[in-house]
Structure formats: C-alpha cells, structure tokens
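Enquirer: Between the sequences and the hints, there should be enough to build the whole structure, so can you do that?
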Amino acid sequence: GENVEQHPSTLSVQEGDSAVIKCTYSDSASNYFPWYKQELGKRPQLIIDIRSNVGEKKDQRIAVTLNKTAKHFSLHITETQPEDSAVYFCAAILRDNYGQNFVFGPGTRLSVLP
Amino acid sequence: NAGVTQTPKFQVLKTGQSMTLQCAQDMNHEYMSWYRQDPGMGLRLIHYSVGAGITDQGEVPNGYNVSRSTTEDFPLRLLSAAPSQTSVYFCASSYSSTLAGVGYNEQFFGPGTRLTVL
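So the sequences go chain by chain: U and X. Under the numbering used here, think of the first position of the first sequence as 33, with each following residue one higher. Under the numbering used here, think of the first position of the second sequence as 528, with each following residue one higher.
Be aware that a few hints might be false.
Listed below are the simulated DSS-like cross-link pairs for lysine-lysine, each with C-alpha atoms no more than 25 Å apart in a straight line [stated by the list, open to error]: (1) K103/U / K74/U; (2) K100/U / K90/U; (3) K69/U / K536/X; (4) K74/U / K536/X; (5) K54/U / K100/U.
Quick caveat, the hints were computed from the structure, so don't treat them as lab data.
Expert: So this is what it looks like as structure tokens:
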C-alpha cells in the first residue's frame, strides 16, 4: 500500500523567511497530493493541492512542487507570518477498487517566530 | 450549509463501554471517511464509504464498525472501548471530479471528537 513520509517533523523560522516541507510517497499510481493546515484544536483544512499532470502550483505565498519520477512533493511558504504557525500534513491519494483513500504524512509543526 | 458536523465534541468512556460517534454532511458528498489522529502519527483511516450501503476498511479498522444507510450520515461505533482508542476522531466527506483526465478528491473535515477511554 501507499506510504507517505514527511520531513522535518518540526520547523522554526523567523518571520519573513521561507519554509519548505518535503514529502515522499511510495505508490507511483498516486495522482493527487493535497496539503492540509491544522491549527491547535481545529480541524485540518486544505490549503493547496496538486495533481499528477502538473509540476508546480502557486497560490499567493504558498506553492507546491511535484516530482513524479522521484516520487516526492514539497510545500513552500514564502514571507512567513505568525499566523502560518500550525501543523501541516501532506497526503497522497490511492486509487483502489472502490474509490479513493488518503494516506497522510505524520505532520510538520511549523513555528514562525516574530 | 453546515458542512460536516460531528457529535459529541468530547466524550469520556470506561473500558468496555460502547458508543456511537455521529457524523453528518449536507453537501451531498458520496464519499465519507473516519480518521483517528494521535500525536506524531498524523491521520489514519479507520473506515470509509463510497455511497449509501457501501463501506470498506481502512488502515486501522479493528474495534470499530460503520454503516451508511443514507448519503448524509456515517456513524462510527465503538463496540467495546479500550484505552488504545483514546484519540481525536475526524469525519470527512468529499466529492469526486475530474480535471483534464486526472481524478481528484478534496476532503472536508468535521470539527472532531476528542475521546478518552479510562
């Protein structure tokens, strides 16, 4: 089955700096890769996603890149702000006989220091 | 739209007790799933459903049962609670769509249920 690894597990950056979180997946059939942000005590919320037919996607200060050959994808946050502090999860979607299952990485706790 | 709702928000059980976690969505999503979240382990899939009457097991199904009699509701039953089931439980729902031939699926999460088993 699918396995998703995520690094680093914790990340501290100064406000205004960039943050990069990397994930690798094992199943070459995976074709959809979302990133979720979870603030303390809240539900995970989708912040950006990428499909296997594109290599990069941007949304203001957030970008995601995908390398299908190497089976890894990364989240890039530029000009970080204190409100970016949260736990970030990557995921890969596995196509199975019924529908779609998500496998999540273990998460990265990002702290943006003022 | 209320989106995905879950009840209760908090629950304390004694070992061996049974209970049902409720999940409902009003977005007419076919796909619904249950995850548990434990520290340092991300979200792990317990059970999922691709439509009324169709359910299947995820990564960690033992000790849990589900059924899907309507599109809107997907309850999770703990038959005999154990301390290892202490966790935060999230229900999620999603639609499927295809863009440029690549199917994808955005999941919407409920607010979660924090369960403690003593």
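Enquirer: Which of the numbered hints above does this structure break?
Expert: As far as the earlier hints go, only 1 is violated by this structure.
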